[in-house]
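Residues per chain, in single letters:
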Amino acid sequence: MKYLHLIWAALFRRKTRTVLTLLSVLAAFLLFGLLDGVRVAFNAGGEAAGVDRMIVSSRFSIIQGLPQSLIPRIQATPGVKNLTWANWFGGYYTDPKNQGFNIAIGPNFFDVYSDYVVAPEHRQAFESTRTGALVGRTLANRFGWKVGDKVPVTGAIYPNKATGDTSWTFDVVGLYEARDPKQRGIEQQLLFRWDYFDEANAYDAHEVGWITIQVSDPNQSSEIARAVDAISANSDHETKTQTEQAFNLSFAKQLGDIGLIVSAIMGAVFFTLLLLTGNTMAQAVRERIPELATLKTIGFSDRTVLGLVFGEAVLLIVLGGVLGLGIAAALMPIVSAASGGAVQLPAVGATTWAIGLAVMVLIGVLVGALPALRAMRLKIVDALAGR
Amino acid sequence: MKSFLRGLATLALMLLSLLAWIMLPGWLLGALFVVLLLWMAFTRGGRQAAAVTWIGVSTLAQRLGASSVIVVGIAGVVGVLVALLAMGDGLQKTLRSTGDTETVIVLRGGATAELSSGLSREDATLIAQMPGILRDAEGKPIVSPELVVVANLPKKSTGTDANVEVRGIGPQAWALRPNVKIVEGSAFTPGLREMVVGRGARAQFEGLEPGATINLNNQQWSVVGVFESGDAHESELLGDVDTVSSAYRRGGYQSATVRLTAPEALDTFKAALAADPRLKVDAKTTLDYYTAQSEQLTKTIRIVGIAIAAIMAIGAMFGALNTMYAAVATRAREIATLRAIGFRSPPVLVSVMLETMLLALLGGLLGAGIAWAIFDNYTVSTLGANFSQVVFRFNVSPALLWTGVKWALAIGFIGGLLPALRAARLPVTTALRES
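In the order they appear, the protein sequences are chains A and B. Under this note's numbering, the first residue of the first sequence is numbered 10, with each subsequent residue one higher. Under this note's numbering, the first residue of the second sequence is numbered 39, with each subsequent residue one higher.
Keep in mind that the hints were calculated from the coordinates and are not lab data. One should not assume that every hint holds.
[What the hints assert, rightly or not] Interface residues of chain B toward chain A, partial, derived using beta-carbon atoms under 10 Å:
1) G111
2) I112
3) R146
4) T196
5) V342
6) I352
7) L359
8) S419
9) L421
[Unchecked claim] Far from chain B, some chain A residues (derived; all Cβ distances over 10 Å):
10) G59
11) R68
12) I80
13) G153
14) A165
15) D238
16) S272
17) I274
18) K305
19) T306
20) V327
21) A338
22) A339
23) V370
Yeah, the Cβ is synthetic: ideal placement off N, Cα and C, and Gly gets one too.
Sequences are here, hints too, so could you generate the full structure?
Below is the structure:
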């Protein structure tokens, strides 16, 4: 540490070169911060999932519903503390571009999904209004909806008995927020009552899209899943019960291997960075050979000189890298805000910082190695003579 | 003040040339290049520039490490750019080629995808009687009422269940889509639980070999053949519409696709649909329908790709600046000597620019070449509009390679301009004196 000012001085000996290199490092880690944020956002469904929740859905296909009659039997399964159900509704508001995450929800939904924060009076209004809807704050801000508004929704699949086509109208009776700001994604939904949906849609199927159960002991998950699936075994409506995490991740997986794409891009970026900073460091040491020799002459040990060069390399990368990640951290909320809530990028998380810092030190050590060894092995006589 | 104005002018020049580079058509850029060559061949300044450039290029080997920073840095940018854009283009090409202007898909009014649409059997009968539909040799209209369902099958790459699209097609579907050809086994027999699988679906999912049995909605279906169509249908499993419909206990269809007598018949057909009060449907050419499906995702991929490449390009540009500043600094004495014996500044400027652009070009070609070698026809799949996997191939087209090279040259231009200006303005006496 006591040599920090010496390393600092060496680093900024050639200002232009150091600043340009720093900017390259900064760009690389800015990209790393943004891309890793995207990767995290894709896997967020898995991480944010409630550990005590499991999803029961059709074993055959995402588009198959489950009969309502299954609900009491699943409720009676030992280990099931609470359950709720829902049906995906989809659709759009006024323009097909405004696709919505509209979901019909069963009773108890907010007891099972504690991630949603609803004011008690809003919840009461929801329970007493058949056509009521609760809207996420982000979604409400995006479309300027207020409590008391009537929201027209063109449904994706289900025709409305009353209108004869797929147009539906809901009364906004309240708003909800995400308990954890990281989960702002869920504030994009419009939730309305399943009993109204079941009665008013023209299919008369009395089916639910999926059932969410809350288990009393997450360690018993696999036993409970087996017991629940046994209820419908060999019927027309066999179920598949899995943890919410597994259920959410299966969607992210189907969209594509985002992790692989991100790693491939970052591989190319860091390889380039390695070469670029390696070259800078080699140049820096080559120029300073007489100086390093002088240092040795006045008593710096070989080891200390090695450490100085290593320190310089690591400081260069960490300085640029931390700046880059910092900019990424500042940029993410700006992008989210500028998109009006349509894009939700998470803040740069602790994992991203940890991975980033580890990569910075690793690159620093790698690019510092050759120049540092060279500096250590310098023979004072040769170096001072310029040989 | 003077240096500030000069900086401002340089910045304006940079932005202007970048803008010109993006806007100008290829032939004009080619013409500019020819003018440059003529200048170098026939004027005194030009010949000086050529000579200085040659000295720079021939000493590149001595600065191998530093020069490779430019080449590899730019190769990285171009490689990532070309690969990501090829992904977007591949998806768009696959979906676009699925549609044409002679076939029309009829969906329930307001539906944006087949999965969210629904038509009754009566609707399908009515649609088949509309004017403008091509008839086959026996005089039957070429209409295929279809049903799309989604099934869970394990994907080869992850081993976990993913959604596969199962399409029930009517007997006229083969005349409707002549590009669908059975390449292995045979077509399914209507009335039997038989399927033909697309080549893409077979490559992505487990257990879709001809002769295999698959479980759809708890019923056993046999795979009897494999088909090829070169479009998005290759991601699907095809079966007889009535058999699929009974297996999934569906009363009606989801869409009806018809072949028109000619693209111009669209208006007649649409007007007839609109005039019938019994029908509440939308008709779109399949080209419009499938293009709209790819639009959003293609746009997203393109924006993300360009944003990533732009950030990388900024990094690479600083790398190039660094290298070229260092190159100018090492050659300061040599450049000053040239100036002292009568070489003028513009040739020196041009030579540094040319050297950088040459390295950038090398990097661009390297990056584009690597992207082409690895990713052309690379097969992947994603979730499509029907909530099921759409298999598509990366499409590294010559146009994309040219885009990559253009980016490389632009980075080289900016990275070379400032060092070139410094080289041109080098005060001769000081540079000669300094060691």
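**Q.** Hints not upheld, ascending by number
**A.** Per hint list: 11, 14, 17 violated.
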